[in-house]
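Residue numbers (my numbering), protein chains in the order written: chain A, 1 to 261; chain B, 1 to 100.
If you are wondering where the hints come from, they were derived from the structure by calculation, not from laboratory data.
There could be a bad hint or two in this list.
[What the hints assert, rightly or not] A short list of chain A residues far from chain B (calculated; beta carbon distances all over 10 Å):
| hint | residue |
| --- | --- |
| 1 | Phe40 |
| 2 | Leu76 |
| 3 | Ser113 |
| 4 | Arg125 |
| 5 | Gly177 |
| 6 | Pro201 |
| 7 | Ala237 |
[Unchecked claim] Taking beta-carbon pairs under 7 Å as the criterion, some of the chain B residues facing chain A (in silico):
| hint | residue |
| --- | --- |
| 8 | Ala8 |
| 9 | Gly25 |
| 10 | Lys91 |
| 11 | Leu97 |
[Unchecked claim] Computed list of lysine to aspartate or glutamate pairs in DMTMM-like fashion (alpha-carbon distance at most 25 Å, straight line):
| hint | chain 1 | residue 1 | chain 2 | residue 2 |
| --- | --- | --- | --- | --- |
| 12 | B | Lys91 | A | Asp48 |
| 13 | B | Lys5 | A | Asp4 |
| 14 | A | Lys84 | A | Asp7 |
| 15 | B | Lys91 | A | Asp4 |
| 16 | B | Lys5 | A | Asp48 |
| 17 | B | Lys91 | A | Asp151 |
| 18 | B | Lys5 | A | Asp151 |
These numbers come from a predicted model, not from an experiment.
We put the beta carbon where it would ideally sit given N, CA and C, even for glycine.
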Amino acid sequence: METDPADLAVRMDVAARMPGVLLAPSAPRAARLHGRLVTFWPHGTPVDRDDPDSAPWEATGALLARLHAAPLPRLLPPMRGPAKAARAVARLRAAGPHPAAPPVLRAWAALPSWARGEAPAPGPRALCHGDLHLGQLVRGPGGRWLLIDVDDLGAGDPAWDLARPAAWFACGLLSPGEWTRFLDAYRGAGGPAVPGNGADPWPALDIPARALTVQTAALAITKAVAADRAPDEVEQALVDACARMSGVEARPPELAPDATK
Amino acid sequence: MQCPKCHAPMHTYNRNGVQIEQCNGCRGIFLDYGELESLTRLEAQWGQQPPPPPAPPAAPQGYPAAQAPAWGAPHGGHGGHGGHYGHKRHKSFGHMLFSS
Ligand SMILES: [Zn+2]
């Protein structure tokens with residue numbers, strides 16, 4: 001599936017206009033090279049995959065906050081987070097039966113339609129990265145951390161960008177300490193997706209974090225089915241979280257307690 | 001050379017005498033500084049970039065305990081480096097926390 005050139009141009013333009021947040025492209029436009037649309041980026045140093053203690057949680061939170069606070073370009077397409085979750089679930093269904101699939105599909109069925117990509121998201125929209133994980137940060141020129149990969153930039157619920165770390169935390173893959181460093185940095189930099197000052201962020205994060213947990217579990221089981229193996233310990237942690245969701249009703253953001261300053 | 005974004009192998013192209021590394025996975029292209037200037041066709045497209053927006057002041061605060069969803073995994077303690085938890089953390093970090 002090739003990216004729409006007009007959408008790509010808008011996303012490239014956003015990256016070029018947010019130095020200090022997004023790695024700016026080396027050239028402002030995509031070019032055709034060997035029949036493909038290609039984009040040009042300066043080299044950056046990625047996060048060390050072998051050193052969890054060096055992960056830049058504060059920078060990740062602060063960069064997201066600044067991204068979410070940026071003006072929303074008028075032509076930016078909708079953020080595709082819910083659509084990608086729906087695609088992962090469709091792939092799981094297509095992969096055939098697997099003992100780990102039912103709790104994941106049950107958790108998916110309990111989500112509201114907007115989180116399943118079937119209706120527009122409620123609430124204010126913000127400029128979203130759309131595919132946040134630790135592979136999306138590099139140290140750019142000058143050594144500062146920057147976000148990379150504009151392919152999924154879109155307008156949507158900014159809580160969706162926090163949902164993958166939130167899901168890792170909820171699944172026990174990210175420690176409370178690391179999660180708090182990330183969330184505090186996001187709030188400290190004025191991030192709009194969650195209420196400030198220690199108010200419970202989960203009314204805002206609950207549904208996106210459930211959706212990301214389902215998405216990640218669905219992709220993991222699909223892979224396990226293809227390889228004809230049982231889910232590993234980490235994959236099982238995602239499935240277990242999906243199973244726990246069925247016992248706990250989703251908390252819609254409307255029921256969030258007022259954020260008091 | 002590995003792609004810094006998706007870690008797939010990079011393929012080297014030669015274009016107008018300039019070495020270009022393209023990722024076989026995500027198709028991202030990486031140029032060293034200076035190489036771009038050699039690509040005269042792209043040089044003409046250089047635009048002016050606005051100055052960076054002012055950075056919002058950081059207000060770091062610590063909370064005694066992280067709030068969690070009711071369906072969240074039980075976390076033992078708040079340091080996150082203990083037994084059961086630390087094991088899973090190391091196992092998951094390099095791949096789960098780096099993939100879409
Ligand atoms: Zn790549």
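Exercise. Hey, does the lysine 91 of chain B contact hint survive, CB to chain A under 7 Å?
Worked result: holds (6 Å)
For this session: Measure nothing beyond the straight line between the CA atoms of lysine 91 of chain B and aspartate 48 of chain A; if it is 25 Å or shorter, mark the hint as holding.
Result: Holds, at roughly 14 Å.
Exercise. Are the Cα positions of lysine 5 of chain B and aspartate 4 of chain A separated by 25 Å at most?
Worked result: Holds: lysine 5 of chain B and aspartate 4 of chain A sit about 21 Å apart, inside 25 Å.
For this session: Compute the least Cβ-Cβ separation between proline 201 of chain A and chain B, then decide whether it is above 10 Å.
Result: violated (7 Å)
For this session: Would you settle whether the hint for alanine 8 of chain B is holds or violated, based on the nearest Cβ-Cβ distance to chain A being less than 7 Å?
Result: violated (12 Å)
Problem set entry | Check on glycine 177 of chain A being off the interface with chain B, judged by Cβ distance over 10 Å | Answer for glycine 177 of chain A: violated, closest chain B Cβ roughly 5 Å.
For this session: Take the C-alpha atoms of lysine 84 of chain A and aspartate 7 of chain A, compute the straight-line distance between them, and say whether it is at most 25 Å.
Result: holds (17 Å)
For this session: Starting from lysine 91 of chain B, check that the Cα of aspartate 4 of chain A is at most 25 Å away, please.
Result: Violated. Lysine 91 of chain B to aspartate 4 of chain A sits at ~37 Å, over the 25 Å cutoff.
Problem set entry | Pairwise hint evaluation, aspartate 151 of chain A against lysine 5 of chain B, where the allowed Cα distance is 25 Å at most | holds (12 Å)
Exercise. Looking at alanine 237 of chain A again, its CB stays over 10 Å from all of chain B?
Worked result: violated (7 Å)
Exercise. Given glycine 25 of chain B as an interface hint, is the shortest Cβ-Cβ distance to chain A below 7 Å?
Worked result: Where the cut-off is 7 Å and the nearest Cβ of chain A is about 11 Å from glycine 25 of chain B, the hint is violated.
For this session: Answer holds if the nearest beta-carbon of chain A is closer than 7 Å to that of leucine 97 of chain B; otherwise answer violated.
Result: Nearest chain A Cβ about 5 Å off; hint holds.
Checked against the numbered hints given earlier, the structure breaks hints 1, 5, 6, 7, 8, 9, 15, 17 and satisfies all the rest.
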